[in-house]
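For the sequence shown, our numbering begins at 1 and goes up steadily by one.
Take every hint as true, because none was put in to throw you off.
Each computed SDA-like pair below joins lysine to any residue, with the alpha-carbon atoms no more than 25 Å apart:
1) Lys182 to Trp218
2) Lys271 to Asn240
3) Lys182 to Glu199
4) Lys323 to Ile275
5) Lys98 to Ala144
6) Lys323 to Lys355
7) Lys291 to Asp239
8) Lys60 to Ile91
9) Lys355 to Gln246
10) Lys215 to Ser250
11) Lys80 to Cys58
12) Lys98 to Ile141
13) Lys73 to Leu155
14) Lys355 to Ser318
15) Lys323 to Asn251
16) Lys53 to Glu184
17) Lys355 to Ile211
18) Lys60 to Glu123
19) Lys68 to Tyr35
20) Lys323 to Ala352
21) Lys323 to Arg213
22) Lys355 to Leu294
23) Lys182 to Asn169
24) Lys60 to Arg48
The calculated label-pair distances, taken between Cβ atoms and stated as ranges, are:
25) Gln237 to Leu351: 18 to 26 Å
26) Lys139 to Gln237: 16 to 24 Å
27) Pro63 to Thr15: 33 to 41 Å
28) Lys80 to Ser341: 48 to 56 Å
29) Ser270 to Ala352: 37 to 45 Å
Calculated from the structure, these hints are not laboratory results. No residue lacks a Cβ here, since even glycine has one placed at the ideal position from N, Cα and C.
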Amino acid sequence: MLQLLHVPNLFDYATSELSQDAALCYFLSYGAPQYEGGPHASEHQFARVLLRKMFEICGKVFPTQIEKVDVRKQYRISGKYLDILVQVNDIYVAIEDKRQAQDHSDQLSIYSEIHKPLGVSTEDVLLMYMQTGNQANLKNIESANFKLMSRSMLLSLFETEAGRLACSNSKIHRDFHLHFLKLEDQYRNFGVIDITKWETPSQIGFLEALIARNKGEWAPAGGGGGGFRAYRGPVVQVDNACAYLQVEASNNEEPQIHLRFKVDVPRVSSKEEYIAAWDQWHKRMMDAAAKSPLRSYIAKPHRATPTNFNRQNLNSHSLLVAKIDDGQNWKTSRIFPSVDSNSLLALDPTLATLKDCQTILESLRG
1 MLQLLHVPNL
11 FDYATSELSQ
21 DAALCYFLSY
31 GAPQYEGGPH
41 ASEHQFARVL
51 LRKMFEICGK
61 VFPTQIEKVD
71 VRKQYRISGK
81 YLDILVQVND
91 IYVAIEDKRQ
101 AQDHSDQLSI
111 YSEIHKPLGV
121 STEDVLLMYM
131 QTGNQANLKN
141 IESANFKLMS
151 RSMLLSLFET
161 EAGRLACSNS
171 KIHRDFHLHF
181 LKLEDQYRNF
191 GVIDITKWET
201 PSQIGFLEAL
211 IARNKGEWAP
221 AGGGGGGFRA
231 YRGPVVQVDN
241 ACAYLQVEAS
251 NNEEPQIHLR
261 FKVDVPRVSS
271 KEEYIAAWDQ
281 WHKRMMDAAA
291 KSPLRSYIAK
301 PHRATPTNFN
311 RQNLNSHSLL
321 VAKIDDGQNW
331 KTSRIFPSVD
341 SNSLLALDPT
351 LATLKDCQTI
361 LESLRG
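Take the sequences, apply the hints, and build the full model.
Here you go:
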(Lines of atoms letter the chains of each structure in order from A and count residues from 1; the text may use other names and numbers.)
(Lines give C-alpha, C1' and ligand atoms only; values in the text may rest on other atoms or scores of the structure.)
Protein backbone atom coordinates (compact mmCIF):
# COMPACT_ATOMS: atom_id res chain seq x y z
CA MET A 1 0.00 0.00 0.00
CA LEU A 2 1.18 3.52 -0.79
CA GLN A 3 2.81 5.23 2.18
CA LEU A 4 2.94 9.02 2.03
CA LEU A 5 4.30 11.49 4.58
CA HIS A 6 1.33 13.48 5.83
CA VAL A 7 1.72 17.16 5.04
CA PRO A 8 -1.06 19.75 4.57
CA ASN A 9 -2.64 19.33 1.14
CA LEU A 10 -4.86 22.00 -0.40
CA PHE A 11 -7.19 19.42 -1.98
CA ASP A 12 -7.87 17.66 1.30
CA TYR A 13 -9.75 20.84 2.17
CA ALA A 14 -10.85 22.03 -1.28
CA THR A 15 -13.06 19.01 -1.95
CA SER A 16 -15.87 20.51 -4.03
CA GLU A 17 -16.28 20.12 -7.77
CA LEU A 18 -15.80 23.88 -8.12
CA SER A 19 -12.37 23.52 -6.53
CA GLN A 20 -11.52 20.77 -8.99
CA ASP A 21 -12.83 22.93 -11.84
CA ALA A 22 -10.54 25.73 -10.69
CA ALA A 23 -7.50 23.42 -10.58
CA LEU A 24 -8.16 22.08 -14.07
CA CYS A 25 -8.64 25.61 -15.43
CA TYR A 26 -5.35 26.53 -13.76
CA PHE A 27 -3.52 23.58 -15.33
CA LEU A 28 -4.98 24.13 -18.80
CA SER A 29 -4.36 27.89 -18.83
CA TYR A 30 -0.62 27.25 -18.90
CA GLY A 31 -1.05 25.71 -22.34
CA ALA A 32 -1.09 29.19 -23.87
CA PRO A 33 1.96 29.96 -26.06
CA GLN A 34 3.28 32.73 -23.81
CA TYR A 35 4.17 30.18 -21.11
CA GLU A 36 6.30 27.99 -23.37
CA GLY A 37 9.58 29.32 -22.03
CA GLY A 38 10.70 30.92 -18.82
CA PRO A 39 9.75 30.04 -15.24
CA HIS A 40 6.48 28.29 -16.17
CA ALA A 41 7.83 26.02 -18.90
CA SER A 42 7.12 22.83 -16.89
CA GLU A 43 3.50 23.83 -16.24
CA HIS A 44 3.19 24.65 -19.95
CA GLN A 45 4.47 21.23 -20.98
CA PHE A 46 2.05 19.50 -18.62
CA ALA A 47 -0.88 21.51 -20.01
CA ARG A 48 0.12 20.33 -23.48
CA VAL A 49 0.25 16.71 -22.28
CA LEU A 50 -3.22 17.07 -20.73
CA LEU A 51 -4.70 18.67 -23.84
CA ARG A 52 -3.02 16.14 -26.12
CA LYS A 53 -4.55 13.30 -24.09
CA MET A 54 -8.01 14.82 -24.46
CA PHE A 55 -7.56 15.08 -28.21
CA GLU A 56 -6.34 11.48 -28.30
CA ILE A 57 -9.32 10.17 -26.30
CA CYS A 58 -11.68 11.98 -28.67
CA GLY A 59 -9.89 10.63 -31.75
CA LYS A 60 -8.65 14.04 -32.87
CA VAL A 61 -5.12 14.91 -34.04
CA PHE A 62 -3.44 17.38 -31.71
CA PRO A 63 -2.20 20.53 -33.50
CA THR A 64 1.53 20.71 -34.10
CA GLN A 65 1.49 24.50 -33.69
CA ILE A 66 -0.48 26.09 -30.84
CA GLU A 67 -1.40 29.71 -31.47
CA LYS A 68 -4.15 30.12 -28.88
CA VAL A 69 -5.36 28.45 -25.68
CA ASP A 70 -8.31 30.17 -24.02
CA VAL A 71 -9.95 28.71 -20.90
CA ARG A 72 -13.44 29.67 -19.75
CA LYS A 73 -15.29 28.34 -16.71
CA GLN A 74 -19.03 27.94 -16.19
CA TYR A 75 -19.95 28.50 -19.83
CA ARG A 76 -23.72 29.12 -20.02
CA ILE A 77 -25.77 27.11 -22.50
CA SER A 78 -29.57 26.73 -22.46
CA GLY A 79 -29.85 27.77 -18.84
CA LYS A 80 -27.16 25.37 -17.64
CA TYR A 81 -23.46 25.84 -17.04
CA LEU A 82 -20.77 23.70 -18.65
CA ASP A 83 -17.87 23.39 -16.22
CA ILE A 84 -14.99 24.26 -18.55
CA LEU A 85 -14.67 25.32 -22.17
CA VAL A 86 -11.18 25.37 -23.70
CA GLN A 87 -10.37 26.79 -27.11
CA VAL A 88 -7.22 25.39 -28.74
CA ASN A 89 -6.68 27.29 -32.00
CA ASP A 90 -10.01 26.69 -33.79
CA ILE A 91 -10.98 23.59 -31.81
CA TYR A 92 -13.11 23.69 -28.65
CA VAL A 93 -12.93 21.20 -25.79
CA ALA A 94 -16.14 21.06 -23.71
CA ILE A 95 -15.33 19.55 -20.32
CA GLU A 96 -17.92 18.36 -17.82
CA ASP A 97 -16.02 17.67 -14.63
CA LYS A 98 -17.24 15.39 -11.84
CA ARG A 99 -15.68 14.50 -8.51
CA GLN A 100 -18.21 11.93 -7.22
CA ALA A 101 -21.58 13.12 -8.50
CA GLN A 102 -22.87 12.05 -11.89
CA ASP A 103 -24.57 13.75 -14.80
CA HIS A 104 -28.18 14.72 -14.21
CA SER A 105 -31.16 16.53 -15.70
CA ASP A 106 -30.18 15.62 -19.26
CA GLN A 107 -27.25 18.04 -18.96
CA LEU A 108 -24.90 16.10 -21.25
CA SER A 109 -27.36 16.05 -24.15
CA ILE A 110 -27.69 19.83 -23.75
CA TYR A 111 -23.92 20.35 -23.64
CA SER A 112 -23.50 18.15 -26.72
CA GLU A 113 -25.24 20.93 -28.68
CA ILE A 114 -22.64 23.52 -27.69
CA HIS A 115 -21.38 23.77 -31.27
CA LYS A 116 -24.54 25.73 -32.12
CA PRO A 117 -23.99 28.81 -29.90
CA LEU A 118 -20.27 28.65 -30.74
CA GLY A 119 -21.12 28.78 -34.45
CA VAL A 120 -18.90 25.84 -35.41
CA SER A 121 -19.43 22.31 -36.68
CA THR A 122 -19.61 19.26 -34.44
CA GLU A 123 -16.20 18.20 -35.76
CA ASP A 124 -14.67 21.29 -34.16
CA VAL A 125 -15.91 20.44 -30.64
CA LEU A 126 -14.49 17.68 -28.44
CA LEU A 127 -16.84 16.46 -25.69
CA MET A 128 -14.90 15.37 -22.62
CA TYR A 129 -16.34 13.92 -19.41
CA MET A 130 -13.79 13.95 -16.59
CA GLN A 131 -14.61 11.81 -13.56
CA THR A 132 -12.19 11.71 -10.64
CA GLY A 133 -14.67 9.75 -8.53
CA ASN A 134 -16.43 6.54 -9.55
CA GLN A 135 -18.99 6.55 -12.33
CA ALA A 136 -21.90 4.18 -11.76
CA ASN A 137 -23.09 4.07 -15.35
CA LEU A 138 -21.53 5.19 -18.63
CA LYS A 139 -24.68 4.92 -20.75
CA ASN A 140 -25.64 8.60 -20.52
CA ILE A 141 -22.08 9.62 -21.29
CA GLU A 142 -21.86 7.43 -24.37
CA SER A 143 -25.32 8.32 -25.68
CA ALA A 144 -24.43 12.04 -25.52
CA ASN A 145 -21.19 11.35 -27.46
CA PHE A 146 -18.95 12.38 -24.57
CA LYS A 147 -15.64 10.60 -24.00
CA LEU A 148 -14.48 9.61 -20.54
CA MET A 149 -11.24 10.61 -18.85
CA SER A 150 -11.09 8.66 -15.60
CA ARG A 151 -9.13 9.32 -12.43
CA SER A 152 -6.56 6.68 -13.37
CA MET A 153 -6.10 8.23 -16.84
CA LEU A 154 -5.54 11.64 -15.29
CA LEU A 155 -3.11 10.26 -12.72
CA SER A 156 -1.08 8.57 -15.45
CA LEU A 157 -0.34 12.00 -16.94
CA PHE A 158 1.33 13.08 -13.71
CA GLU A 159 3.69 10.10 -14.09
CA THR A 160 5.03 11.42 -17.40
CA GLU A 161 8.21 13.48 -17.47
CA ALA A 162 6.15 16.64 -17.95
CA GLY A 163 3.94 15.69 -15.01
CA ARG A 164 6.87 15.05 -12.69
CA LEU A 165 8.51 18.36 -13.64
CA ALA A 166 5.25 20.28 -13.11
CA CYS A 167 4.83 18.69 -9.66
CA SER A 168 8.40 19.57 -8.70
CA ASN A 169 7.89 23.23 -9.65
CA SER A 170 4.26 23.81 -8.64
CA LYS A 171 2.67 22.99 -5.29
CA ILE A 172 -0.80 23.16 -6.87
CA HIS A 173 0.14 20.42 -9.33
CA ARG A 174 1.87 18.42 -6.60
CA ASP A 175 -1.01 18.68 -4.12
CA PHE A 176 -3.55 17.69 -6.78
CA HIS A 177 -1.49 14.67 -7.79
CA LEU A 178 -0.83 13.48 -4.23
CA HIS A 179 -4.46 13.96 -3.18
CA PHE A 180 -5.83 11.78 -5.97
CA LEU A 181 -2.95 9.32 -5.72
CA LYS A 182 -3.94 8.78 -2.08
CA LEU A 183 -7.59 8.42 -3.10
CA GLU A 184 -6.66 5.89 -5.80
CA ASP A 185 -4.71 3.90 -3.23
CA GLN A 186 -7.73 3.84 -0.92
CA TYR A 187 -9.83 2.37 -3.72
CA ARG A 188 -7.21 -0.29 -4.43
CA ASN A 189 -6.44 -1.44 -0.87
CA PHE A 190 -9.36 -3.87 -0.60
CA GLY A 191 -6.98 -6.78 -1.20
CA VAL A 192 -4.44 -5.90 1.49
CA ILE A 193 -6.48 -4.94 4.57
CA ASP A 194 -8.73 -6.98 6.87
CA ILE A 195 -12.13 -7.26 5.20
CA THR A 196 -13.87 -6.33 8.47
CA LYS A 197 -12.04 -2.98 8.37
CA TRP A 198 -13.12 -2.01 4.87
CA GLU A 199 -14.42 1.52 4.54
CA THR A 200 -16.34 3.03 1.63
CA PRO A 201 -13.36 3.37 -0.79
CA SER A 202 -12.34 -0.28 -0.20
CA GLN A 203 -15.90 -1.42 -0.83
CA ILE A 204 -16.08 0.56 -4.06
CA GLY A 205 -12.72 -0.82 -5.20
CA PHE A 206 -13.97 -4.36 -4.56
CA LEU A 207 -17.18 -3.74 -6.54
CA GLU A 208 -15.14 -2.24 -9.39
CA ALA A 209 -13.05 -5.43 -9.45
CA LEU A 210 -16.23 -7.50 -9.78
CA ILE A 211 -17.44 -5.32 -12.64
CA ALA A 212 -14.10 -5.58 -14.43
CA ARG A 213 -14.05 -9.38 -14.19
CA ASN A 214 -17.72 -10.35 -14.48
CA LYS A 215 -19.30 -8.22 -17.21
CA GLY A 216 -21.61 -6.65 -14.68
CA GLU A 217 -22.46 -3.02 -14.01
CA TRP A 218 -23.11 -0.61 -11.19
CA ALA A 219 -26.62 -0.85 -9.81
CA PRO A 220 -28.65 2.16 -8.65
CA ALA A 221 -27.71 2.93 -5.06
CA GLY A 222 -29.94 4.08 -2.25
CA GLY A 223 -29.43 7.66 -1.12
CA GLY A 224 -28.61 9.24 2.19
CA GLY A 225 -26.79 7.78 5.14
CA GLY A 226 -28.54 4.46 4.78
CA GLY A 227 -27.63 4.04 1.13
CA PHE A 228 -25.60 1.27 -0.40
CA ARG A 229 -23.32 0.74 -3.35
CA ALA A 230 -24.04 -2.25 -5.55
CA TYR A 231 -22.76 -4.41 -8.39
CA ARG A 232 -25.37 -6.02 -10.64
CA GLY A 233 -24.42 -9.13 -12.57
CA PRO A 234 -25.52 -10.18 -16.05
CA VAL A 235 -29.30 -10.36 -16.39
CA VAL A 236 -31.01 -13.67 -17.13
CA GLN A 237 -34.36 -13.34 -18.90
CA VAL A 238 -36.84 -15.87 -17.52
CA ASP A 239 -40.43 -15.79 -18.83
CA ASN A 240 -41.55 -12.17 -18.34
CA ALA A 241 -39.03 -11.44 -15.58
CA CYS A 242 -35.33 -10.57 -15.25
CA ALA A 243 -33.17 -12.41 -12.71
CA TYR A 244 -29.77 -11.17 -11.62
CA LEU A 245 -27.26 -11.17 -8.79
CA GLN A 246 -26.65 -8.02 -6.79
CA VAL A 247 -23.67 -7.46 -4.50
CA GLU A 248 -24.44 -4.68 -2.05
CA ALA A 249 -22.05 -2.78 0.18
CA SER A 250 -23.16 -0.91 3.28
CA ASN A 251 -21.48 0.80 6.22
CA ASN A 252 -24.52 0.50 8.45
CA GLU A 253 -24.61 -3.22 9.17
CA GLU A 254 -22.43 -6.30 9.53
CA PRO A 255 -21.38 -8.03 7.43
CA GLN A 256 -20.85 -5.10 5.08
CA ILE A 257 -21.01 -7.05 1.80
CA HIS A 258 -24.14 -8.95 0.78
CA LEU A 259 -24.82 -11.20 -2.20
CA ARG A 260 -28.50 -11.15 -3.19
CA PHE A 261 -30.62 -13.02 -5.74
CA LYS A 262 -33.09 -10.58 -7.28
CA VAL A 263 -35.89 -10.78 -9.82
CA ASP A 264 -37.55 -7.84 -11.55
CA VAL A 265 -41.18 -8.61 -12.38
CA PRO A 266 -43.86 -6.56 -14.18
CA ARG A 267 -45.71 -4.08 -12.04
CA VAL A 268 -48.52 -5.43 -9.88
CA SER A 269 -51.42 -3.42 -8.48
CA SER A 270 -51.96 -4.87 -5.02
CA LYS A 271 -50.21 -6.26 -1.98
CA GLU A 272 -51.75 -9.68 -2.62
CA GLU A 273 -50.35 -9.83 -6.17
CA TYR A 274 -46.95 -8.74 -4.90
CA ILE A 275 -46.85 -11.46 -2.23
CA ALA A 276 -47.96 -14.07 -4.79
CA ALA A 277 -45.18 -13.01 -7.18
CA TRP A 278 -42.60 -13.07 -4.39
CA ASP A 279 -43.68 -16.52 -3.19
CA GLN A 280 -43.53 -17.88 -6.75
CA TRP A 281 -40.03 -16.56 -7.47
CA HIS A 282 -38.66 -17.41 -4.04
CA LYS A 283 -39.74 -21.03 -4.54
CA ARG A 284 -38.30 -21.18 -8.06
CA MET A 285 -34.99 -19.75 -6.88
CA MET A 286 -34.70 -22.08 -3.88
CA ASP A 287 -35.60 -25.10 -6.06
CA ALA A 288 -32.84 -24.13 -8.49
CA ALA A 289 -30.40 -23.55 -5.62
CA ALA A 290 -31.14 -27.00 -4.18
CA LYS A 291 -29.07 -28.50 -7.01
CA SER A 292 -26.08 -26.23 -6.34
CA PRO A 293 -23.00 -26.96 -4.20
CA LEU A 294 -23.84 -23.66 -2.49
CA ARG A 295 -27.30 -24.81 -1.40
CA SER A 296 -26.47 -24.79 2.34
CA TYR A 297 -25.48 -21.10 2.12
CA ILE A 298 -28.57 -19.86 0.29
CA ALA A 299 -31.25 -18.56 2.60
CA LYS A 300 -34.66 -16.92 2.62
CA PRO A 301 -34.45 -13.14 3.06
CA HIS A 302 -36.88 -10.87 4.82
CA ARG A 303 -39.68 -9.93 2.46
CA ALA A 304 -40.21 -6.18 2.38
CA THR A 305 -43.64 -5.44 0.91
CA PRO A 306 -44.28 -2.02 -0.67
CA THR A 307 -47.11 0.09 0.69
CA ASN A 308 -47.80 2.18 -2.43
CA PHE A 309 -48.84 0.37 -5.60
CA ASN A 310 -50.23 3.47 -7.34
CA ARG A 311 -47.00 5.13 -8.44
CA GLN A 312 -47.48 6.03 -12.10
CA ASN A 313 -43.75 5.89 -12.94
CA LEU A 314 -43.30 2.36 -11.62
CA ASN A 315 -42.99 -0.20 -14.42
CA SER A 316 -41.70 -3.16 -12.43
CA HIS A 317 -40.97 -4.47 -8.96
CA SER A 318 -37.57 -5.67 -7.82
CA LEU A 319 -37.95 -8.75 -5.63
CA LEU A 320 -35.22 -9.91 -3.24
CA VAL A 321 -35.98 -13.63 -3.25
CA ALA A 322 -32.82 -15.28 -1.87
CA LYS A 323 -29.45 -14.39 -0.36
CA ILE A 324 -26.08 -15.84 0.56
CA ASP A 325 -25.95 -16.30 4.34
CA ASP A 326 -22.56 -16.95 5.95
CA GLY A 327 -24.13 -17.49 9.35
CA GLN A 328 -22.88 -16.20 12.69
CA ASN A 329 -19.20 -16.88 11.96
CA TRP A 330 -19.00 -14.59 8.94
CA LYS A 331 -15.86 -12.82 10.22
CA THR A 332 -13.75 -15.98 10.20
CA SER A 333 -15.59 -18.27 7.78
CA ARG A 334 -17.01 -16.65 4.67
CA ILE A 335 -18.30 -17.95 1.38
CA PHE A 336 -18.79 -14.43 -0.04
CA PRO A 337 -16.55 -12.57 -0.12
CA SER A 338 -14.12 -15.38 0.61
CA VAL A 339 -11.20 -14.62 2.93
CA ASP A 340 -7.89 -16.21 3.82
CA SER A 341 -6.58 -17.01 7.30
CA ASN A 342 -5.70 -13.33 7.84
CA SER A 343 -9.21 -12.12 6.92
CA LEU A 344 -7.86 -10.72 3.64
CA LEU A 345 -9.96 -10.99 0.50
CA ALA A 346 -9.44 -14.19 -1.50
CA LEU A 347 -10.55 -12.89 -4.88
CA ASP A 348 -10.43 -16.10 -6.94
CA PRO A 349 -12.71 -18.12 -4.58
CA THR A 350 -14.98 -15.08 -4.36
CA LEU A 351 -15.30 -14.97 -8.14
CA ALA A 352 -15.90 -18.74 -8.18
CA THR A 353 -18.83 -18.30 -5.78
CA LEU A 354 -20.25 -15.56 -7.96
CA LYS A 355 -19.96 -17.85 -10.98
CA ASP A 356 -21.76 -20.68 -9.15
CA CYS A 357 -24.56 -18.29 -8.20
CA GLN A 358 -24.85 -17.14 -11.81
CA THR A 359 -25.22 -20.80 -12.80
CA ILE A 360 -28.21 -21.02 -10.46
CA LEU A 361 -29.84 -18.13 -12.31
CA GLU A 362 -29.14 -19.73 -15.68
CA SER A 363 -30.83 -22.94 -14.51
CA LEU A 364 -34.11 -21.04 -14.00
CA ARG A 365 -34.59 -21.22 -17.76
CA GLY A 366 -35.10 -24.95 -17.43
